[in-house]
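Chemist: These are the residues of each chain, in order.
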Amino acid sequence: MPKQNQQPRWKQRLATNRDARRWNLTSLALTLPLLLLGYFYYGASALHVAVVSVLAAVLAELLFGRLFLRKNTLGDWNAVVVGLWIACMLPAFIAPPEQYDMLGNYAVWYAALGSVFAILVVKIPFGGTKHMPFSPAAAGFAFLTACFPHRVFTFTASEVVAPVRSRSMALLLNLGENAITPNNFFRILFGHTVGPMGTGVVLVMVVLLVVMLLLKSRRSYAMASLGFIVAVAALAFLFPRVSPGVDGMTMNLRLASIGMELVSGSLLFAAIFLLQEPSTLPSRWHTRLVVGVLAGGLTILLRHLGTFEENVVFAILLANAALPAIYRLQDEWQQQKIFRRKQAEETEAADA
Amino acid sequence: MPKQTKRVKRESVLRGAWLDNPMLVQAIGLTPAIIATTSLRMALWFSLVTAIHLLICEMVASLWLKKWHSWARTAVYFAIGIIFAFGAGMLFEVWGGVVGQTDVVDLLMLRAILPLMATSSIAAVRCERFAVYNNLRASVRDALVNAVGFTAVMIIMGLLREGLGHGSLFGVELTETMRIRGFWMPFGGFLLLGFLAAALKTILQWTSQRGITTDADEAMEFCPEDRQERLEKIHHLLNAADEYEKSRKPDDEPAPESQQEEAQPEAEPKPVSVLFEPATSNFTREFPRLDDLTIEQLLAEFQGGARDE
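Protein chains in written order, with the working numbering: chain A, 1 to 352; chain H, 1001 to 1309.
Careful: at least some of the hints might be erroneous.
The calculated label-pair distances, taken between Cβ atoms and stated as ranges, are [stated by the list, open to error]:
hint : chain 1 : residue 1 : chain 2 : residue 2 : range
1    : A       : 74        : H       : 1082      : 52 to 62 Å
2    : H       : 1208      : A       : 66        : 16 to 26 Å
3    : H       : 1135      : A       : 15        : 50 to 60 Å
Negatives, chain A to chain H, calculated, CB over 12 Å [as the list claims (entries may be wrong)]:
hint : residue
4    : 17
5    : 55
6    : 113
7    : 338
Residues of chain A clear of chain H, computed beta-carbon distances all greater than 10 Å [said to hold, decoys possible]:
hint : residue
8    : 62
9    : 121
10   : 147
11   : 252
12   : 309
13   : 325
14   : 330
15   : 333
16   : 335
17   : 347
Honestly, the hints are just simulated from the structure, not real lab data.
Think of the CB as a built atom: it goes at the ideal place given N, C-alpha and C, for glycine as much as any other residue.
Could you put the whole structure together from the sequences, leaning on the hints where they help?
Modeler: Have a look at this one:
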């Protein structure tokens, strides 16, 4: 028999450690296909980056979780997921500068640094998996973006498949170019582009989103992703960054703008994984949708105004920061509702 | 003229700077400090200028501004700040020709951020909280305490931000390793400040738990939050005593009415509810100001009332 004030089970966020473990293991299972595709496209260096990133996150959590939270929090698998997500957003290979030849692939060190920052600064000080106010993976990648913008966005092309263009889609969009044509549509869908190691394959992303919408435990969280993608698409249609052709801004160019915005950078990855952090979302599906729309709007705003090649993680952090304001609005609306109901009852009683 | 009710604590300057640190405990004067700590040399210069400004403001406030309205006093602090920033800026311009070239860059940069110091909250807050209630000597002491605390944090932050973010110290390059530019940027400064504050709080708690500080009570009095907690405890205690009295009364034998009427006007012990209004919720609860009543006085009041009964 449930208590009176208790929310129904599907509305609750991670209530117990078991819930948290189940959530993170599901996330891990959904992320592994992306890692395998990264291995297929970029070879062993993708796996190196992922393994080092995960190891750094786990070690940081092992050491500092014991020190500050006074308990072992590794059991919920969140550190592994955070490390993996940061690795997925990085390039598989960053060539070292000429004077440091001995260290090889630099992406490994950046991944480790981002993971340690995410765990040490964003996750543990706020009390662990169930209480963190910001998505740690987004914060870790935002830190790397702010510190090393020239390194994090130097993508190398895959040796297995030939990319449609030699530049990344985000950079092309920043330059106002349109890379989507009827000929290479399917190649872009299968990820034959230059970009981060785990976020390029659009088809898999769409499949993952559909799977999330079908999973009962993920459905209401996936509404945030849906709202995010719809908002980005609508704003890309209204305010295209693709430069107009000879006939001006035609309908085809506007549709291509939507495609370019969704495909470029790690936007779909961030929408599907980073935005769905349970502790950073409100408790009802329609409010989650609103948060998703807010994050989408912020993403387009930052893409128009920002200086970096990819700004989606900053938009997600800003949307996370808006959560207390959303709670306050919810409370206010609830109180107004109760007040109006009381007033109606009083007037009914007076009439009677 | 406001009453001089605030007690003047006689403890060492270093101890005050540690326990009542203006940046880490009181959280005042943060924004200019974030901008000025990108290099150690600039942090030192800025601390020096802020210290002198604070000293002048507190002296003026304790000497002449006690009878003024608070809004007029704030305007005076800002006016002093503007005059001071202007003078210091001109001084730096003259001095820039004398010292070396690396100094000139820092000094010019400092000139650009000096107007921020003019509206810095540290002088206004310390004057309003302390200097206008105390004499000149205590105010000078308070200015010293806050300047030392401010300078210590500025030096730590300047060291870390210049060393890790820029890979140099006093403008001299240290190593050719990877530089983490985040420390050098404003967000890194704010993060660093937050973690320093957390570290200070942890150390204070740790030392008071292990009994390392000999007089932990004195240390507690400097932390406003702990002070609030203690007040809450006393409040709870007094309420409980009140309730206990109310519950005890019906058990006693009711006195005849004539006696009660005679007894009332004679000796009325001050009821506890006069001192503390009954609290309804955490948000509407108001505590008496410590400026008017210290904890010792409150306890004495309570004990005296109980003894009378």
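Chemist: All the hints need checking, so say for each whether the structure fits it.
Modeler: Consistency of the hints with the structure:
Checked against the given bound of 52 to 62 Å, the beta carbons of residue 74 of chain A and residue 1082 of chain H, roughly 56 Å apart, stay inside it. Taken as a hint, the range 16 to 26 Å holds for the pair residue 1208 of chain H and residue 66 of chain A, whose Cβ atoms sit roughly 23 Å apart. The hinted range of 50 to 60 Å is satisfied by residue 1135 of chain H and residue 15 of chain A, whose Cβ atoms lie roughly 58 Å apart. For residue 17 of chain A, the requirement that its beta carbon stay farther than 12 Å from each beta carbon of chain H is met, with the minimum near 25 Å.
For residue 55 of chain A, the condition that its CB be more than 12 Å from all CB atoms of chain H holds, with the nearest at approximately 19 Å. The Cβ of residue 113 of chain A sits about 8 Å from the closest Cβ of chain H, inside the 12 Å cut-off, so the non-interface label is violated. Distance to chain H confirms residue 338 of chain A as a non-interface residue, since its nearest Cβ pair spans about 17 Å, more than 12 Å. For residue 62 of chain A, the shortest C-beta to C-beta distance to chain H comes to about 20 Å, beyond the 10 Å cut-off, and the non-interface label holds.
With a closest Cβ-Cβ approach of about 7 Å to chain H, residue 121 of chain A is found to fall inside the 10 Å limit, against its non-interface label. Under the 10 Å C-beta cut-off, the non-interface status given to residue 147 of chain A relative to chain H is violated; the minimum distance is some 4 Å. Non-interface call for residue 252 of chain A relative to chain H: holds, since the shortest CB-CB distance, roughly 41 Å, exceeds 10 Å. Residue-level check passed: residue 309 of chain A sits 16 Å from the nearest beta carbon of chain H, beyond 10 Å.
Residue 325 of chain A, annotated as away from the interface, keeps every beta carbon of chain H farther than 10 Å; the closest lies near 18 Å. Residue 330 of chain A, annotated as away from the interface, keeps every beta carbon of chain H farther than 10 Å; the closest lies near 18 Å. Every CB of chain H lies more than 10 Å from the CB of residue 333 of chain A, the least distance being 20 Å, so the non-interface label holds. Here residue 335 of chain A stays apart from chain H, with its beta-carbon at least about 14 Å from theirs, past the 10 Å limit.
Every beta carbon of chain H lies more than 10 Å from that of residue 347 of chain A, the smallest distance being close to 29 Å; the non-interface claim holds.
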